[in-house]
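Colleague: Chains as they are written, first to last, in the working numbering: chain H, 493 to 812; chain Y, 2 to 242.
One or more of the hints may lead you astray.
Below 25 Å or equal to it, Euclidean Cα-Cα: the simulated BS3-like pairs (lysine-lysine) are [unchecked claim]:
1) H/K802 <-> Y/K187
2) H/K698 <-> H/K526
3) H/K698 <-> Y/K113
4) Y/K5 <-> Y/K138
5) Y/K113 <-> Y/K138
6) Y/K5 <-> H/K698
7) H/K638 <-> H/K698
8) Y/K187 <-> Y/K91
9) H/K698 <-> Y/K187
10) H/K802 <-> H/K698
11) Y/K138 <-> Y/K31
If you're looking for bench data, these hints aren't it; they were derived computationally from the structure.
The lines below spell out each chain.
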Amino acid sequence: MKSKGHLLHIAVALAVVLVAFLITNSMENRYYYKASYVVLQYVVLATAWNILGGYTGYVNFGTAAFFAMGSYTAVALIKLWKPPLYVLLVAGGAVSGLLGLGIGYLTLRLRGVFFSIATLALAVVLQMFMTNWEFVGGGAGTAILKPRSVPFFSNYDEFLFFVMASLAVAAVFVAWLIENSWVGRGMAAIRDNEEAAECMGVPILKLKLFATTVSGAMMGIAGAPFSYFVVFIEPSSAFHLDYAVNSLAMPMVGGTTTWLGPLIGAVLVGTAQQIATVTLSAEMNLLIVGSLLVGFVVFAPEGLVGLFRKLRGRAMGRSA
Amino acid sequence: MAEKLLEIRNVTKRFGGFHALTDVSLHVEKNERFGLIGPNGSGKTTLINCISGALRNEGGSILFAGTEIGAMPAYRRTRLGIARSFQIPKPFTSMTLLENLCIPLEYTAHAKSHGADVASEAMEILDQIGLADRADKLPADLTQIDMRKLELARAMAAKPQLLISDEAMAGLSANEVDGILEILFKLNEGGITIIMIEHIMRAVMSFSERIVVLDAGEKIAEGTPDEVVNNKEVERAYLGE
C-alpha cells in the first residue's frame, strides 16, 4: 500500500518533468519561458521556506540570503572555471545548506520573532559582504555569459525553464517525503509545542538543524541558475526583499501544513504577479502580494488548503 | 531495601539571585507511589523540570537507574524512561488525539525502528484511558478532564518506568479526581513508578506511600502521609506560625 503510493507519486513527478520537456520543444514565445521560470523558482523557494516555516514553525525572513548565496556561489565558480550547470546546482545547494546549518546552530535557541529577526539580519550582513566582494562583481554587479548552446534544447532559456521545472518537482517531492515520514511528524510536534515535543522523546535540536539545512540547501539550489537567467547579477537584485516576502506569503496563501499549500500558493500568486507586471506595472505585483497576505492571515489563516478542508468538512457534516 | 529508581543528591537551581532549589536530596524507589507537595512557589515544578530535563540543575546530581542524567537533553531522558505530564496541558494542537500519542510511541518506545505500526498501539492506550471514541478529534474539542487524560495518555505512550504527574487534577471535580486517581493506581499496578505533584490533599494523601514536602526550595519533611501531616514544620509552612 505504502510503496504503491510512492510509485504513483514518482510517476506523477516524472510525468510533469516530461511535459515540461515537451513544452520546450513546442512553444515559441520566449517570454513564457521567462515568466514560467520565475513562477517555478517560487515553487522551489516557497516549498523550501515551508519545510522550516510551515512544518517546523520557525519563520524565516532570510530567504533572500540563502537564495543569493546559491547565486553567488555559482557566479564565483563561473568566474573561476565555468563548470556545467549541475555542478553549480550542487555547489549552491551545499553552500546554502551549510549556511542553514550554521545559522540553525547559532539561532535556534531563539524562538518566535527573535529567530525571524536573526534571519533578516543575516540577509543584510551577507548583502554587505557581497557588495564589497569585487571578484563576484561587488556593488556594481557583473555580467554573466550564458553558454551558447545546450544539447536537446533550441536555446538556453528553454533549458533553464526545464531545469527549474525539474527542481520544482524535486522540491515538492522532497517536501512530500518529509511530511509523510517520522521526521515530518516530529517537526509538526515541535511546531505545536516544542517543550512537550522534547519531553515526548523528539530530538528537537537535530530536527530543527535538519530543517534549516534542507530548507537552506533547496533555496541555494534555486538560486544557482539565477545568474544565467538574469545575465547580469548585482547584490540588490539577488538579495531583494521580494524573495523573503513572496516565499513567506505563498505558503500562507496556499496553506502551511502540507506540501500542496506552497505549490498552490506559488503558482497562484506567482502567476498573478507575472500577469500584473505585464498588464499593470512592475510595482503593482507587491501590492497584490501584500493584500493577499493580509486577507489570508485575517480570513483564512490556514490558507486555501485549510479553507477547502473546512468547506468540505461542512458539506460532509450537512450530508451526514 | 527496595531498589532506588531515581536519586537526587544536593540539587540546586537558581534563577538569577533567586534560589528556587537549595540542596534538595531525595530518592524514589522502584514501583513506588511518591508524593511531592509544598505551598505555591516552593520549587516542586522546578524540581521536576530538572528531572525531566526542561531545566538544568546547577549543583548536585540526578541519577536515574544508576545513570547520571543531569547533563542529558530532555528527549534522551524520556527515552531512558522518564515521562511527564504538564501542569497546563500542552497537547500537539494540529494533531488528532491518536496522532498525539503516535509521537511518543514513534520517538520513544520505537525510537530504534521508525515506521513501526504505532497507530494500533496508540488506540489501545486511548482505549485504556477512556478516550477511544474521541481518537479522531483535535485537542481543542476536548473538555478539561479529557485534556488531562490526554496528557496522561501521551505520557503513557512513552512507555515510561517513571511517570511524573504534575498537578493532573487541578480544577477537576471530586468525581473526576477519582477517575484520574484510578488511572494512576492502575498504571502503578502495571509496574510504573509514579511521582505525584498535587495540591488536592485528599488525592495525594490516599495515593502516596511516601511524601516529600518542599518549602521555599528546601526539603522540610519526608515520610508516610500520616507522618507528614503531623509534622510541625509542614504545618508552619502551609499555615504560618
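Colleague: If a hint holds in the structure, say so; if it doesn't, say that too.
Modeller: Now the hints, each set against the structure:
1. At roughly 40 Å between alpha-carbon atoms, H/K802 and Y/K187 are farther apart than 25 Å, so this suggested pair is violated.
2. At most 25 Å may separate the alpha-carbon atoms for a hinted pair to count; H/K698 and H/K526 exceed this at roughly 38 Å.
3. Restraint check: the Cα-Cα separation between H/K698 and Y/K113 comes to about 16 Å, which is no more than 25 Å; the hinted pair holds.
4. With a C-alpha separation of about 40 Å, the suggested pairing of Y/K5 with Y/K138 is violated against the 25 Å cut-off.
5. Straight-line distance between C-alpha atoms of Y/K113 and Y/K138 comes to about 29 Å, which puts the hinted pair past the 25 Å bound.
6. With a C-alpha separation of about 32 Å, the suggested pairing of Y/K5 with H/K698 is violated against the 25 Å cut-off.
7. Distance restraint check for H/K638 and H/K698: the Cα-Cα separation of roughly 40 Å exceeds the 25 Å cut-off, and the hinted pair is therefore not satisfied.
8. Of the supplied pair hints, the one linking Y/K187 and Y/K91 holds, its CA atoms being roughly 23 Å apart against a limit of 25 Å.
9. Proposed proximity of H/K698 and Y/K187 is contradicted: the alpha carbons are some 36 Å apart, above 25 Å.
10. Using a Cα cut-off of 25 Å, the hinted pair H/K802 and H/K698 is violated, with the two alpha carbons roughly 34 Å apart.
11. Note on Y/K138 and Y/K31: the hinted pairing is violated, with a Cα-Cα distance of about 36 Å set against a maximum of 25 Å.
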